[in-house]
Amino acid sequence: MSSRYPLEGIKILDFHWVGAGPWATSFFADFGAQVIRCESGAAPDPFRVTPPFKDNKMGLNASYMFNMLNSNKKSLQINMKNPRAMEVILPLLKEADVVCENMRPGAMERWGLGYEKIKEINPGIIMVSSCMQGQTGPRNTMSGFGLHLSALGGWTSITGWNDRLGIPPHQAYTDCIAPVYEVIAILAALEHRRLTGEGMYIDQSQLESSMGLLAVPALDYTVNGHITELNGNRDPKGAPHGVYPCAGEERWIAIEVFTEEEWAAFTKVIGHPEWEKDPRFATFIDRKRNEDELDQLVAEATAAFQAESLMADLQNAGVGAGVVENGHDVLEDPHYKARKFFIKTGNNEMGDAIRFGPALKFRSCEPKEGYSPCIGEDTEYVCRELLGMTEEQYKELCDAEVFQ
Amino acid sequence: MMNYKVLDLTDEKGQLAGQIYANLGAEVIKVEPPSGDPSRRIGPFYENDPKPENSLPFWAFNTGKKSVTLDLTKEEGREIFRKMASEADVILESFAPGCMASMGLGYDDLKKQNKGLVMVSITPYGQNGPYAGYKGDDLVLWAVGGVMYQCGYPDRAPMRLNTPQTFLHASLQAVAGSLAALYARNTTGEGDYIDCSGMEAVGHLMMYEPLAWKYQHRLTTRLGAQSWRGTLKLRQVWKCADGMVAMRLIGGRQSRTLKPLIDWMVELGEGDEGDLLKYDWTNLDLYHMTEEEIAHIEEIWAAFFLKHTKKELFDEALKRHYDLTPVQNTKDLLSDDQLTSRDFWVQVEHEDLEKTFEYPGAPFKTTANIWNVRSRAPHIGEHNELVYEELGYTPEEIALLKEGGLI
Numbered sequence: 001m002s003s004r005y006p007l008e009g010i011k012i013l014d015f016h017w018v019g020a021g022p023w024a025t026s027f028f029a030d031f032g033a034q035v036i037r038c039e040s041g042a043a044p045d046p047f048r049v050t051p052p053f054k055d056n057k058m059g060l061n062a063s064y065m066f067n068m069l070n071s072n073k074k075s076l077q078i079n080m081k082n083p084r085a086m087e088v089i090l091p092l093l094k095e096a097d098v099v100c101e102n103m104r105p106g107a108m109e110r111w112g113l114g115y116e117k118i119k120e121i122n123p124g125i126i127m128v129s130s131c132m133q134g135q136t137g138p139r140n141t142m143s144g145f146g147l148h149l150s151a152l153g154g155w156t157s158i159t160g161w162n163d164r165l166g167i168p169p170h171q172a173y174t175d176c177i178a179p180v181y182e183v184i185a186i187l188a189a190l191e192h193r194r195l196t197g198e199g200m201y202i203d204q205s206q207l208e209s210s211m212g213l214l215a216v217p218a219l220d221y222t223v224n225g226h227i228t229e230l231n232g233n234r235d236p237k238g239a240p241h242g243v244y245p246c247a248g249e250e251r252w253i254a255i256e257v258f259t260e261e262e263w264a265a266f267t268k269v270i271g272h273p274e275w276e277k278d279p280r281f282a283t284f285i286d287r288k289r290n291e292d293e294l295d296q297l298v299a300e301a302t303a304a305f306q307a308e309s310l311m312a313d314l315q316n317a318g319v320g321a322g323v324v325e326n327g328h329d330v331l332e333d334p335h336y337k338a339r340k341f342f343i344k345t346g347n348n349e350m351g352d353a354i355r356f357g358p359a360l361k362f363r364s365c366e367p368k369e370g371y372s373p374c375i376g377e378d379t380e381y382v383c384r385e386l387l388g389m390t391e392e393q394y395k396e397l398c399d400a401e402v403f404q
Numbered sequence: 001m002m003n004y005k006v007l008d009l010t011d012e013k014g015q016l017a018g019q020i021y022a023n024l025g026a027e028v029i030k031v032e033p034p035s036g037d038p039s040r041r042i043g044p045f046y047e048n049d050p051k052p053e054n055s056l057p058f059w060a061f062n063t064g065k066k067s068v069t070l071d072l073t074k075e076e077g078r079e080i081f082r083k084m085a086s087e088a089d090v091i092l093e094s095f096a097p098g099c100m101a102s103m104g105l106g107y108d109d110l111k112k113q114n115k116g117l118v119m120v121s122i123t124p125y126g127q128n129g130p131y132a133g134y135k136g137d138d139l140v141l142w143a144v145g146g147v148m149y150q151c152g153y154p155d156r157a158p159m160r161l162n163t164p165q166t167f168l169h170a171s172l173q174a175v176a177g178s179l180a181a182l183y184a185r186n187t188t189g190e191g192d193y194i195d196c197s198g199m200e201a202v203g204h205l206m207m208y209e210p211l212a213w214k215y216q217h218r219l220t221t222r223l224g225a226q227s228w229r230g231t232l233k234l235r236q237v238w239k240c241a242d243g244m245v246a247m248r249l250i251g252g253r254q255s256r257t258l259k260p261l262i263d264w265m266v267e268l269g270e271g272d273e274g275d276l277l278k279y280d281w282t283n284l285d286l287y288h289m290t291e292e293e294i295a296h297i298e299e300i301w302a303a304f305f306l307k308h309t310k311k312e313l314f315d316e317a318l319k320r321h322y323d324l325t326p327v328q329n330t331k332d333l334l335s336d337d338q339l340t341s342r343d344f345w346v347q348v349e350h351e352d353l354e355k356t357f358e359y360p361g362a363p364f365k366t367t368a369n370i371w372n373v374r375s376r377a378p379h380i381g382e383h384n385e386l387v388y389e390e391l392g393y394t395p396e397e398i399a400l401l402k403e404g405g406l407i
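Those protein sequences? They're chains Y and C, same order as listed. Residue numbers for the first sequence follow the working numbering, so the first one is 1 and each next one is one higher. Residue numbers for the second sequence follow the working numbering, so the first one is 1 and each next one is one higher.
Be careful, since some hints might not be right.
[Said to hold, decoys possible] If you only want the chain C side, here are some residues facing chain Y, beta carbon under 7 Å, derived:
{"no.": "1", "residue": "Ala295"}
{"no.": "2", "residue": "His296"}
{"no.": "3", "residue": "Lys365"}
{"no.": "4", "residue": "Thr367"}
[Unchecked claim] Stretch-level coverage of chain Y by chain C, calculated; a stretch enters the list once three of its residues show a Cβ under 8 Å from a Cβ in chain C:
{"no.": "5", "stretch": "84–98"}
{"no.": "6", "stretch": "148–161"}
{"no.": "7", "stretch": "167–177"}
{"no.": "8", "stretch": "239–249"}
{"no.": "9", "stretch": "269–282"}
{"no.": "10", "stretch": "375–387"}
Keep in mind that the hints were calculated from the coordinates and are not lab data. Backbone N, C-alpha and C define an ideal beta-carbon position, used for all residues, glycine too.
Just chain Y, with the same shape it has in the complex (with noise of 0.2 Å):
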């Protein structure tokens, strides 16, 4: 394998902290690009502080969590409360491509740091601010979890059964969707900046980037006037669509039976030929119109069998099935491990551990499996051998208790 990294040369500031936002940086730095995270001692990272710990341990330097979404990268400690951090920060965000950050609106200018200026130092660089629903507008400093974000977004309207209360797809639902568009947001600018040597300043709501997942409920309301309700598990496309439970405690199958052909080879799989021809569910129409029946008797056969299996069997049959895996299941995951999924990361203080890996696979490269900072550990690295500071200025610094 090459040992060149597609990203490499791209220089990041980032003000990230928690979820989303060290997650979009943490796809720079996987392929090669210097991300450097600026954190404060006082105020750390909560993903710093975020169980499981090294030996169920807290501490800043034992959070699994914080490895995941932060390795390969720099860690420069600096208290920006500091008049004097400004002699670190303004150098680097004039070598840097793009500075980051996803505090709430208004932080960054208190530093002094909004756009406006950053430009006056680097009329090039490429400013992103990722907030829960953009910089402006009557709710852009609106506090809130995961959860309200999800059940604002539309997406806990869609997820649950139609006799029950909707809930949240999956916690934190928007962090997921973000930090992707982030990324690419970012990418694009460079290359709108490589054509036009200009940079420009990103404005990222959360709320807004997750809609684009939700284009097609919300183009059936435009177009159709039709409100997507609570649906279960069902498709229109399919019967039987659902998950259905197996032998053991909490093992599930979903199962997918979308053509003629697949119908009739689940019923012999799962051990009910004569479901095949059976009125009540020999056609789609019937199927459909029976569905809860054919729901409750699928639920019966699928509970005789062992869920790794049956997926097993009806996959070999052409039929669409996966287990529901868990946080163990994915662990052992025969694809997961051949594909290399989780890879190592760690950190100097704790050593190896694992996190998932990028979710894509470059043919020129593999991602880097690096450790992820320890806080501040790039502190003098940053200071000396990106900056040039002479061993007395970085001492001087230190003294004046910049780097807290």
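Position chain C relative to chain Y; hints supplied.
Using the frame of chain Y, we list chain C on its own:
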């Protein structure tokens, strides 16, 4: 601004990727079989009329693209495609693994005449590995990927969302990866091949679960309308007078984010005397409260919310600053104050229908305005003449290609 030329061979698995390129200014050509892309058969449909030109998912993910038809099952069709590919920057495809190569259109074939080509394959499980030949649509991939297990009610099956998500996540990865490869090409002059898998795009959303198992031997179980906070089960969604709202008890200093609601409830005389005020809402000691105490507060909330509408509860939340949001549906989103104040929704003209519809707008705003929804999704082969003439075919030759069933 972006000058790339993108060929989009994908069905529903990759169309969002091509659309993002189109919205960023690239020229994106959707290459469809002469009968139209199979994804055009997916509903819901315009006016519920299931014609290939009426598929709303197709509309949703193909704005700004051109469409040509081309029969890749015939060698002459493949020859035309090779010509197109020799000038392309990016090819997006979502056929089964090995399918492009079997047609002589694999990355290794195409890069011979275009070494800067970036090619992306989007498939359910990726190009290799034991599941590579398996079937998987949204439900199955959401399950095996690892995010479904925690979603649902404890007494029923785990669940997905009521609109497919898996391949939208995979498509986002496809764009990020191919833009990264194009960035590298500026230095190396070489393209790249990128293998995107729906299962891994889903797996990438898991975050906590595999770590919780590996390092704590813990699994998060489904709690439906409740959620875990440590070992506590806290209600997170509630019925109100005209729908639902989302809100959750929270302890410690963050309980201050609930205090304005408590104050409002007390003002309105909710709860029995002192019921709500006996707790310290500036530093709620949640972990030392009994299950009964928590249930009691939640009962008072439940009764209170039922008396008020989503709008009343949210208006007051915005005024008084407590963390509560309405559970909005798509109708609510179209008139959402925050989205409309930022001009999020955009009008897309369907001049063929003499109508204009609102579509989701930019996922990020930029001072250089690099994101634009330029036109409705194309009809089948709508740009055949335009594209094939640019490629050097004369109108007579194009007529012959049509007669031969190639386009």
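The hints, checked one at a time:
Restraint check, Ala295(C) versus chain Y: the minimum CB separation of about 17 Å is more than 7 Å; hint violated. Residue-level restraint check for His296(C) is violated (minimum Cβ-Cβ distance to chain Y is 20 Å; threshold 7 Å). Here the hint on Lys365(C) is kept, as its CB sits about 4 Å from the closest CB of chain Y, short of 7 Å. Residue-level restraint check for Thr367(C) holds (minimum Cβ-Cβ distance to chain Y is 5 Å; threshold 7 Å).
Coverage of a stretch by a chain is defined here by at least three residues with a beta carbon nearer than 8 Å to that chain's beta carbons; for the stretch 84–98 of chain Y and chain C the count is 0, and the condition is violated. Look at the stretch 148–161 of chain Y against chain C: 14 of its residues bring a Cβ nearer than 8 Å to a Cβ of that chain, three or more, so the hint holds. Three residues within the 8 Å Cβ limit are the bar, and the stretch 167–177 of chain Y against chain C gives 7, so the coverage statement holds. Only when three residues or more bring their CB closer than 8 Å to a CB of chain C does the claim for the stretch 239–249 of chain Y stand; here the count is 5, and the claim holds.
By the rule of at least three residues with a Cβ nearer than 8 Å to a Cβ of chain C, the coverage given for the stretch 269–282 of chain Y is violated, with 0 such residues. Judged by the Cβ-Cβ criterion of 8 Å, the stretch 375–387 of chain Y is not covered by chain C as claimed, because only 0 of its residues qualify and three are needed.
Of the numbered hints given earlier, the model fails hints 1, 2, 5, 9 and 10; all others are met.
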